[in-house]
Amino acid sequence: MNLVDFQSAHLLVLAPEFLLVILAAVVMGLDVSLPESRRRQLGLVAAVGMFAAMALALIFSIPNGDNALLFGGMIRNDLLSFVFRMIFMFAGAITSLISMDVEGLGRRGEYYALLIASVIGMNFMAASADLVMLYLALETTSIGLYVLAGFLRDNDKSAEAGLKYFLFGAFTATVMLYGFSLLFGYTGQTNLYAIAAAIQNGSVPPFITVVASVLIIVGVGFKVAIVPFHFWTPDVYEGAPTPVTAFLSVASKSAGFAVLLRVFVAGFQGMALRMPGASWLPMLMAISAVTMTLGNLLALKQNNIKRMLAYSSIAHAGYALMGVVAFSQEGVAAALFYLIGYVVTNLAAFAVVILFARVSGSDEIADYAGLSRRSPPLALAMLVAFLSLGGMPPLAGFINKFFVFAAAMRSDLTWLVVVGVLNSIVGLYYYLIVLKWVWVKPAPEGASPIPVSRPYVFALSLLCFAIIFVGVVAAPWLDWAAQAAASLF
Amino acid sequence: MQFPFLSIITFTPMIVGVLLLLIPEDRKTETRVAALAGAALCLGMSLFVYFSYNVGQGGYQFVEKFDWIPRFGISYHVGVDGISNPMVLLTGIVIFTGVLISWGIDDRPREFFAFLFILATGVFGVFVSLDLFQLFFFYEIAVFPMYLLIAIWGWKVTREYAAMKLTLFLFIGSVVSLVGALAMYVTVGRATGVYTFDMLKMAEAQAAGVFNFNLNVPLLGSRPFEWVWFPFVFFGFAVLGGIYPFHNWSPDGHVAAPTAVSMFHAGVLMKLGAFAALRVGIMLLPEGARAHLPWIVVLTVINVVYGAFIAMRQTDLKYMIGYSSVSHMGLVSMAFATMNYTGYVGGAMQMFAHGVMTAMLFATVGMVYDRAHTRQMPELGGMARKMPFVLLGFTIASLSSMGMPGFAGFMAELPIFMGLWRAGTNTADFIAPYYAWIAVISALAIVITAAYLLIAIQRVFFGEISEEHDHHVGDVTVLDKVAITVLSITIVAVGLFPILMGPMVSSGVIAVLRIFGGA
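Going line by line, the protein sequences match chains A and B.
Residues in the first sequence are numbered from 1 upward in steps of one, following the working numbering.
Residues in the second sequence are numbered from 490 upward in steps of one, following the working numbering.
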């Protein structure tokens, strides 16, 4: 542990978060003061603000490598949290951009304010090194997301999604809290690194660590959407407004991974080392295999693209989990790298879904017939996104999967790699089915081109470029991820 | 550092493909001209590389190497040897003629050429790869455009089914190989302390005995490392080479694909599988190869003979050539299974010879189909009068295919059978005494090949032309004739002047056999 007394310089570490708080207030203020006709600009303000927060983070908040515990041990200033914070802010910015033309969301200041509040919560989820802080951050994130999922309250499905998400979320968070309390009860500590030390030197009974780890997996598993805590996913993804779905599927999932890495790989590290057979490792291995298999198999049957992407996101959680259970620096690096690639890819996929639904009013896969003739650029973006999800080079998805598999292989998890590659075949199949509708099937009579406004053009071009860039120029990202991973071990 | 010829060859198609997508949709002629220019550049460069390869020196030439992802030991590493160099030239020829033949495509030519060119980048990339990661990278790039090319521009009746079947077969194959490749990567890394995907370094490690240990396999007990992983790697790639019993995707894919894609598919893509099976399977796991290839010979015989018989039974011209391709690619795998010099020279030559000749067959069949709108042999006839040039091309390719002296096929097929006959001498396996018989049985396939091709020529080009065809079938375009000429010249040139290719292939083969020890 590397506990550091408060210095005012530490505030700079949180500079992006301060900016985000101000941003949320500004958006709310503009919502009141701008005339109705100009409220579409709110999304732009939110997006620019979050990009600015990223820039601010890059200038002031890059951790110096001493992995110090700041603010009385609440926050750990390491590269892992930094990478995750960048992911969340990027996802938030893109989500704001792709919300701008969505009816019922795009012109509502409170929507953006809630989104920003969730991003702030996630940033702290990734950075927190203390169970209290962690829980606080988790709730900050979740409460915002519950409201966002049910934001279109006149829409039954959206309302149902909000309620369902809330009930599941509140329940699993409580279970997790019980796990936290067990750890606190036996160690007298709330700081994760102090708890890690206690587990490491064996002062916590093994049985208690096992129970606590199971309870915590419930809470984290809900966020990440792994089997068997995935039941909410398809309904919430389908019912929630699509930009919120996009945000949930990338940012909320990544936030779950941030907690997973922090609590398990760092906190319970000693447990995995001391009793490899009975720790959380074999449990997560099994979960990883079941998650990707079930996610992919259920995705096969879906006719609604949002439900399909929901199951696909479950499957992808399984792949990324492979990197975590490889339990090595390479593995964690591969998992992080996987998330980076997955975030840009899935956001691109959802951006197309949003644009398409605005014109057709439908999320049925069959309605995508002939998109390649209606809007060739949009079809091309879809091609890039879905092939990346399917794991084809030169796109991010290929290299992501490759490294996850390689890392698992290095940890002698050949069986898991075999499960993974078999799953990627199933995955490719249903992604190709969507592309078949887009590219092969003829368009319905009188189908009009799909208008794409400028923020969407920008977002989609940026994302497609990023998908290819991550897929080809992988070295810098991977180095980043590897350094972040090193801060856990 | 020398001029990066191979990188330019590899990435030109990709860049051209992306640029094509930027051309406005209604500028169809400009699109085609740009595509042709790109293809011509590739062909020119590959010709240059082919003829400036220093045969006397041998080994890998035009090598370029940069770190790509150093943390995982991945580099961008390209080079050609005596085996891959003809393959690069073959790809150049097929992409050039493929563009010429696709001139008439009117439905979204921009996207068609763009996808075809991305495919070409994948193919070039695999042939020049000296890094295992990079090889997979390009291998997959070569797989997925096939799906779109077949599903969008293919034959309406079967295209969706065939495209999906093909893509899934090839993807399954590639991921199976991937597992084996990762096993090699991890093993080499653990033993030497340096994790690397560089195939040359992996081969060195193999030669140093890194793979000489046993693995515990469920049900089979303790088995040597190479024995366990060779089948994964070999069959994973050989799926794309059309090896029995995983050949099933291939005729369906050939038939459903538009002409240029069939040419690419049968002419180049199937070689990709055989080539990768050689490069990764046999060259990196020679002991595994030595253990498994004797029984794989039996599969290849089925491949060759059964493929020929099925081809004989077809009335659809394209299915006939599709199965003929399976049969001939069986010869390539068979050659690799001989594990001797003669056989390997034949196999490497066959990859080139079959590539050119099958591209020609598919091209000419496509020309007939485009004009007569049927591929059923009983409905065709008398095409010689309408399109004599197509008859010429089809005949040259057929003669090569049946192994007539003076054509490329002869230079390839004869050594394969000779090699197979002799293969018994360098193995002590149970199968050793029967190699001569196997050679005789598989040589029968040549007779069958001659039969179905001659029957096809007779039925399609001679005999009575139906009244309907007499009215509307016209001659082929100048561009088609240029394509036929290019392919014909290649077939005859290699057949008459084997010195153009023999020594180069030989230099590559000797290096491969050195891995097996002596020979």
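It cannot be assumed that every hint is accurate.
To be verified - Each computed BS3-like pair below joins lysine-lysine, with the alpha-carbon atoms no more than 25 Å apart:
#1 A:LYS436 <-> B:LYS875
#2 A:LYS441 <-> B:LYS690
#3 B:LYS970 <-> B:LYS875
#4 A:LYS436 <-> B:LYS517
#5 A:LYS436 <-> B:LYS970
#6 A:LYS301 <-> A:LYS157
#7 B:LYS645 <-> A:LYS441
#8 A:LYS436 <-> A:LYS301
#9 B:LYS690 <-> B:LYS517
#10 B:LYS970 <-> B:LYS517
#11 B:LYS970 <-> A:LYS301
#12 A:LYS441 <-> A:LYS301
#13 B:LYS645 <-> B:LYS554
#14 A:LYS164 <-> A:LYS301
#15 B:LYS554 <-> A:LYS441
As the list claims (entries may be wrong) - Interface residues of chain A toward chain B, partial, derived using beta-carbon atoms under 7 Å:
#16 LYS164
#17 LEU167
#18 PHE171
#19 VAL472
#20 ALA475
The hints are simulated quantities; they were obtained by calculation from the structure and are not laboratory data.
From the three backbone atoms N, C-alpha and C, an ideal C-beta is built for every residue, glycine too.
Now for the hints, and whether the structure bears them out:
1. A:LYS436 <-> B:LYS875: violated, 38 Å
2. A:LYS441 <-> B:LYS690: violated, 47 Å
3. B:LYS970 <-> B:LYS875: holds, 14 Å
4. A:LYS436 <-> B:LYS517: Distance of about 24 Å is within 25 Å: holds.
5. A:LYS436 <-> B:LYS970: violated, 34 Å
6. A:LYS301 <-> A:LYS157: holds, 20 Å
7. B:LYS645 <-> A:LYS441: Holds - the C-alpha atoms of A:LYS441 and B:LYS645 are around 11 Å apart, at most 25 Å.
8. A:LYS436 <-> A:LYS301: holds, 15 Å
9. B:LYS690 <-> B:LYS517: With Cα atoms ~47 Å apart, B:LYS690 and B:LYS517 exceed 25 Å; violated.
10. B:LYS970 <-> B:LYS517: Holds: B:LYS970 and B:LYS517 sit about 21 Å apart, inside 25 Å.
11. B:LYS970 <-> A:LYS301: This hinted pair is violated, its Cα atoms lying about 49 Å apart.
12. A:LYS441 <-> A:LYS301: Status holds; Cα separation ~19 Å.
13. B:LYS645 <-> B:LYS554: At roughly 44 Å apart (the allowed maximum being 25 Å), B:LYS554 and B:LYS645 break the hint.
14. A:LYS164 <-> A:LYS301: At roughly 22 Å apart (the allowed maximum being 25 Å), A:LYS301 and A:LYS164 satisfy the hint.
15. B:LYS554 <-> A:LYS441: violated, 43 Å
16. LYS164: Interface hint status for A:LYS164: violated (35 Å vs cutoff 7 Å).
17. LEU167: violated, 39 Å
18. PHE171: Given a least distance of 38 Å, the restraint on A:PHE171 is violated.
19. VAL472: violated, 9 Å
20. ALA475: holds, 5 Å
Violated hints for the displayed structure, listed by number in ascending order: 1, 2, 5, 9, 11, 13, 15, 16, 17, 18 and 19.
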